[in-house]
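If you read the sequences in order, they're chains A and B. With the numbering used here applied, the first sequence corresponds to residues 1 to 160, in that order. With the numbering used here applied, the second sequence corresponds to residues 1 to 159, in that order.
If you're looking for bench data, these hints aren't it; they were derived computationally from the structure. Treat each hint with caution, since some may be false.
Stretch-level coverage of chain B by chain A, calculated; a stretch enters the list once three of its residues show a Cβ under 8 Å from a Cβ in chain A [stated by the list, open to error]:
(1) 33 to 47
(2) 55 to 64
(3) 87 to 96
If you want a taste of the chain B side facing chain A, the calculated C-beta under 10 Å gives, among others [claimed, not checked]:
(4) R52
(5) S101
(6) R117
Take a look, some chain B residues computed to stay more than 12 Å from chain A by CB distance [unchecked claim]:
(7) P74
(8) P76
(9) P77
(10) P79
(11) R81
(12) L82
(13) A99
(14) P102
(15) R107
From a predicted model like this one, the values you see are computed outputs, not experimental measurements. Note that beta-carbon positions come from the ideal geometry of N, C-alpha and C, so glycine has one too.
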Amino acid sequence: VVTRRVLLGAGAAGAGTLLAGCGARPPAPVAAGTLLDRALAADRAALAAYRGLAAQAPAGARPLLARMRRATAARARRLRAAGARAGAPGSEAEPARPSAREAQRREQVAAAAYVDVLGAVRGERRALAAEGLGGAAEHAALLGALFGLPTDTAFPGSRA
Amino acid sequence: MRRRELLVAGAALLAAPATARAAAGDPARVQALRRAELDAALAYEAAGAPRRLARAARDHAAALATLLGALVAPVPPEPRRLEDLRPPVAGLAPALAAARSPRERARAAARIERALREGCAEQLALLRVPDVVRTVGTVYASHAAQAALLQMSAGLDPL
Chain A
1 VVTRRVLLGA GAAGAGTLLA GCGARPPAPV AAGTLLDRAL AADRAALAAY
51 RGLAAQAPAG ARPLLARMRR ATAARARRLR AAGARAGAPG SEAEPARPSA
101 REAQRREQVA AAAYVDVLGA VRGERRALAA EGLGGAAEHA ALLGALFGLP
151 TDTAFPGSRA
Chain B
1 MRRRELLVAG AALLAAPATA RAAAGDPARV QALRRAELDA ALAYEAAGAP
51 RRLARAARDH AAALATLLGA LVAPVPPEPR RLEDLRPPVA GLAPALAAAR
101 SPRERARAAA RIERALREGC AEQLALLRVP DVVRTVGTVY ASHAAQAALL
151 QMSAGLDPL
């Protein structure tokens, strides 16, 4: 029997094949540009969640958090340079209170957005998406380690 | 759903000629990635590394085997002995086995995770079938995350 974990890992591939096997139509493909826009929105949302988070962290972890925040900002810049367009102002709001769990969740959402981009592009854009995906997955895992949050690292970016 | 049903469903989708042409080269790349995962799992288990590492590697291998079924490609047998390990894990496993402290073990395991991550990155640039690309992407991300955590445990820069 295929475990849920493995099925989730198979991710979009599993979903697509399962849909085909059941006779249902797979979802219509989304344009690569739209997926890049979504990844940018996810990165901006993750970036907003870092604000104020350092105050909650042990002093020794603050430099690392600051680097993670800068790296997330750099991801967003690279997406813009690749043609991604930012959404409406305010669409990536800060959490009501700084929250490590929310920052981790937003990094996981960003990882999933990058996985979507990966399958839709090739060449330099795919390399960009892989770099972004790796960064978001690293950050989600490190936030888990720094703040004692559970983290499933088997298939980051797969959709539950 | 049983694994067999999943494989049959996948094969039905991907057996179409256009999809088969699009998949050119992907099966061999997925087989190589799966082999590296199984090698890593064997090395972790033999060295008594944290269980989550071997478990994740075997989960990745199972997901990649599912992809091979969907691509109508053979799933080669898995390695059973350390002597059967192939690069890159073969060259990194001895340091893991020789590690004498948790920090040394984390450092050696981080090298394996980085090698697996690089292997995925190389194949990601070449893979063609979008669903295969996305799944390998999640495996790549897993190794990126594990490497970061292990480097932190080893007292190294995690980023």
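Against the structure, the hints come out as follows:
Counting residues of the stretch 33 to 47 of chain B whose beta carbon lies closer than 8 Å to any beta carbon of chain A gives 0, which falls short of the minimum of three for the stated coverage. Coverage of a stretch by a chain is defined here by at least three residues with a beta carbon nearer than 8 Å to that chain's beta carbons; for the stretch 55 to 64 of chain B and chain A the count is 6, and the condition holds. Coverage of the stretch 87 to 96 of chain B by chain A is violated. Counting CB-CB distances below 8 Å, 0 residues qualify, and the rule asks for three or more. With a least beta-carbon distance of about 8 Å to chain A, the hint placing B:R52 at the interface is held under the 10 Å criterion.
Hint on B:S101 is violated. Least Cβ distance to chain A is approximately 19 Å, over the 10 Å limit. With a least beta-carbon distance of about 7 Å to chain A, the hint placing B:R117 at the interface is held under the 10 Å criterion. Against chain A, the non-interface label of B:P74 holds: every CB pair exceeds 12 Å, the least being about 18 Å. At roughly 18 Å, the least C-beta separation between B:P76 and chain A is larger than 12 Å, which holds for a residue marked as non-interface.
Annotated as non-interface, B:P77 keeps its C-beta farther than 12 Å from every C-beta of chain A; the closest such distance is 19 Å. Residue-level check passed: B:P79 sits 20 Å from the nearest beta carbon of chain A, beyond 12 Å. Annotated as non-interface, B:R81 keeps its C-beta farther than 12 Å from every C-beta of chain A; the closest such distance is 25 Å. Listed as outside the interface, B:L82 is consistent with that label: its C-beta sits roughly 24 Å from the nearest C-beta of chain A, beyond the 12 Å cut-off.
Consistency note on B:A99: stated as away from chain A, and its beta-carbon is indeed over 12 Å from all of that chain's, at 20 Å minimum. Consistency note on B:P102: stated as away from chain A, and its beta-carbon is indeed over 12 Å from all of that chain's, at 15 Å minimum. Listed as outside the interface, B:R107 is consistent with that label: its C-beta sits roughly 16 Å from the nearest C-beta of chain A, beyond the 12 Å cut-off.
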